[in-house]
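Protein sequence lines correspond, in order, to chains A and B. Position one of the first sequence corresponds to residue 1 (the working numbering), numbered consecutively onward. Position one of the second sequence corresponds to residue 220 (the working numbering), numbered consecutively onward.
Treat the hints as calculated values from the structure; they're not laboratory data. Every value quoted in this text rests on a predicted model; they were computed, and no experiment measured them. Any given hint might turn out to be false.
As the list claims (entries may be wrong) - Simulated pairs of lysine-lysine, BS3-like, Cα-Cα distance not exceeding 30 Å:
{"#": "1", "chain 1": "A", "residue 1": "Lys24", "chain 2": "B", "residue 2": "Lys228"}
{"#": "2", "chain 1": "B", "residue 1": "Lys378", "chain 2": "A", "residue 2": "Lys71"}
{"#": "3", "chain 1": "A", "residue 1": "Lys5", "chain 2": "B", "residue 2": "Lys359"}
{"#": "4", "chain 1": "B", "residue 1": "Lys359", "chain 2": "A", "residue 2": "Lys71"}
{"#": "5", "chain 1": "A", "residue 1": "Lys5", "chain 2": "B", "residue 2": "Lys276"}
{"#": "6", "chain 1": "A", "residue 1": "Lys65", "chain 2": "B", "residue 2": "Lys389"}
{"#": "7", "chain 1": "A", "residue 1": "Lys24", "chain 2": "B", "residue 2": "Lys389"}
{"#": "8", "chain 1": "B", "residue 1": "Lys304", "chain 2": "A", "residue 2": "Lys71"}
{"#": "9", "chain 1": "B", "residue 1": "Lys377", "chain 2": "A", "residue 2": "Lys196"}
{"#": "10", "chain 1": "B", "residue 1": "Lys304", "chain 2": "A", "residue 2": "Lys27"}
{"#": "11", "chain 1": "A", "residue 1": "Lys65", "chain 2": "B", "residue 2": "Lys377"}
{"#": "12", "chain 1": "B", "residue 1": "Lys377", "chain 2": "A", "residue 2": "Lys27"}
{"#": "13", "chain 1": "B", "residue 1": "Lys228", "chain 2": "A", "residue 2": "Lys196"}
{"#": "14", "chain 1": "A", "residue 1": "Lys24", "chain 2": "B", "residue 2": "Lys304"}
{"#": "15", "chain 1": "B", "residue 1": "Lys377", "chain 2": "A", "residue 2": "Lys71"}
{"#": "16", "chain 1": "A", "residue 1": "Lys197", "chain 2": "B", "residue 2": "Lys400"}
{"#": "17", "chain 1": "B", "residue 1": "Lys400", "chain 2": "A", "residue 2": "Lys65"}
{"#": "18", "chain 1": "A", "residue 1": "Lys5", "chain 2": "B", "residue 2": "Lys400"}
{"#": "19", "chain 1": "B", "residue 1": "Lys377", "chain 2": "A", "residue 2": "Lys24"}
{"#": "20", "chain 1": "A", "residue 1": "Lys71", "chain 2": "B", "residue 2": "Lys228"}
{"#": "21", "chain 1": "B", "residue 1": "Lys343", "chain 2": "A", "residue 2": "Lys71"}
{"#": "22", "chain 1": "B", "residue 1": "Lys378", "chain 2": "A", "residue 2": "Lys65"}
{"#": "23", "chain 1": "B", "residue 1": "Lys327", "chain 2": "A", "residue 2": "Lys196"}
{"#": "24", "chain 1": "B", "residue 1": "Lys327", "chain 2": "A", "residue 2": "Lys65"}
{"#": "25", "chain 1": "B", "residue 1": "Lys400", "chain 2": "A", "residue 2": "Lys27"}
{"#": "26", "chain 1": "B", "residue 1": "Lys276", "chain 2": "A", "residue 2": "Lys24"}
{"#": "27", "chain 1": "A", "residue 1": "Lys196", "chain 2": "B", "residue 2": "Lys339"}
{"#": "28", "chain 1": "A", "residue 1": "Lys5", "chain 2": "B", "residue 2": "Lys228"}
{"#": "29", "chain 1": "A", "residue 1": "Lys24", "chain 2": "B", "residue 2": "Lys343"}
{"#": "30", "chain 1": "B", "residue 1": "Lys344", "chain 2": "A", "residue 2": "Lys24"}
{"#": "31", "chain 1": "A", "residue 1": "Lys196", "chain 2": "B", "residue 2": "Lys283"}
{"#": "32", "chain 1": "B", "residue 1": "Lys377", "chain 2": "B", "residue 2": "Lys359"}
{"#": "33", "chain 1": "A", "residue 1": "Lys27", "chain 2": "B", "residue 2": "Lys283"}
{"#": "34", "chain 1": "B", "residue 1": "Lys344", "chain 2": "B", "residue 2": "Lys327"}
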Amino acid sequence: MDRNKSIDLIKSYVLGCLNPEVEKGLKSLMEDTENFPSQELGQYQNLVAMLPLNLSLETPGAEVKANISRKISELRAEPESPKQVEEVVISDQILLDDDEQVFIYESPQETPEMFEEVSENAEVLIEENIAAKETLTPLKRKAEKIEKVMPKTAEEHKRGNKMRDVLDKEEFEKMIKEYIDAYYLKMFEDMREESKKTFYIAIAGAALAFIAFILALIV
Amino acid sequence: MTDGEVMLKVAGYDSQALEELYERYSQLLFTLINKILDNRELAEEVLSDVFVIIWQKIEKFDFKTNNVYTWLVLLARNKALDVFKRNNNPGLMPEYNDDYVNEFIIPKLSGSIAPLELEKILSKKTGIADALNKLTDAQKYVIDLAFYHGLKEDDIAKKLNIPAPTVKSKIQVTLGNLYKKIATEIN
């Protein structure tokens, strides 16, 4: 293609107004043509980038910066990110009740090195980290409160309670059995003792009556 | 620190460098995005998306040519126009995914482009604005329809009810003249 023709196309291309078929052809030229006027392309790209300088500058709201920070943090929080695996630290505590605390995990600032070691079993390692930190949590916290920030721990906690419930029930039944056994055996024993006493009294009474009868006959 | 040095730090996932880049460019990019979208709230959202793209796609920046200014301006323009088209033609646009961003949002600058930095450009702003203001209303309108509204040559021809070759000719003459004037102003 003629050099001047190429430059004419470049002017429309940098403005973004080339029709799609023509644009496709120009892109092929850029890649395939050795003497494509790439310097002119650069000059016109710089030129159109100066067009906004004619506008009155406006300032975006202060919340935009926080929004960017949030979005980047969300990117960092993706499960694929290795930094979660590398370092999970306790950074903050939320006070619930007097004797209940929940720990929140916060990932540290990511560094490029962290991207170099991507573990395939990230999920497992994350769970292990959380389980390891679990030992630091107070025993008396309520599962439903913990669940809001640490679902896995809450689940384990609930399962623990359930196990404890089962043990308590068995213990309770055992205690009841022992109590019943002890109470009724004692009662039966008491009843037996009482019966024996009555029996001996009756025997003694009968013996006294017999002796009295004999004495009466003698007299 | 130059814009190029800031970009290099961003490439090292330095979030403070990204903040520095935001401090330098947010006004210009926001003004451009808001001009395209004419919706301040949406423009702020798109501005934040642009900086996330910079963070994610920093490896696409050519550190050899090191033209931060043009790369950022064209990136912001591409993103804003894409949002504008998606809002106005829902269902007609291709799926927005990583490949799409690489192909249509990330600018492909010439390998021979001269470096530009915001500080240098701002120091020449008055001269550049004068050159732009010397365009005729018709020239300004055509440039406006193409650059800020994303219209193709055929669309501009239909909108202005003029033949497509006339539009092409107007664009070529306008940009040619503008280049000469601005080159004079800058140098």
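Of all the hints numbered above, which does this structure not satisfy? Sort the numbers upward. Going through the list in order, the structure violates hints 1, 2, 4, 5, 6, 9, 11, 13, 15, 16, 17, 21, 22, 23, 27, 28, 29, 30, 31 and respects the others.
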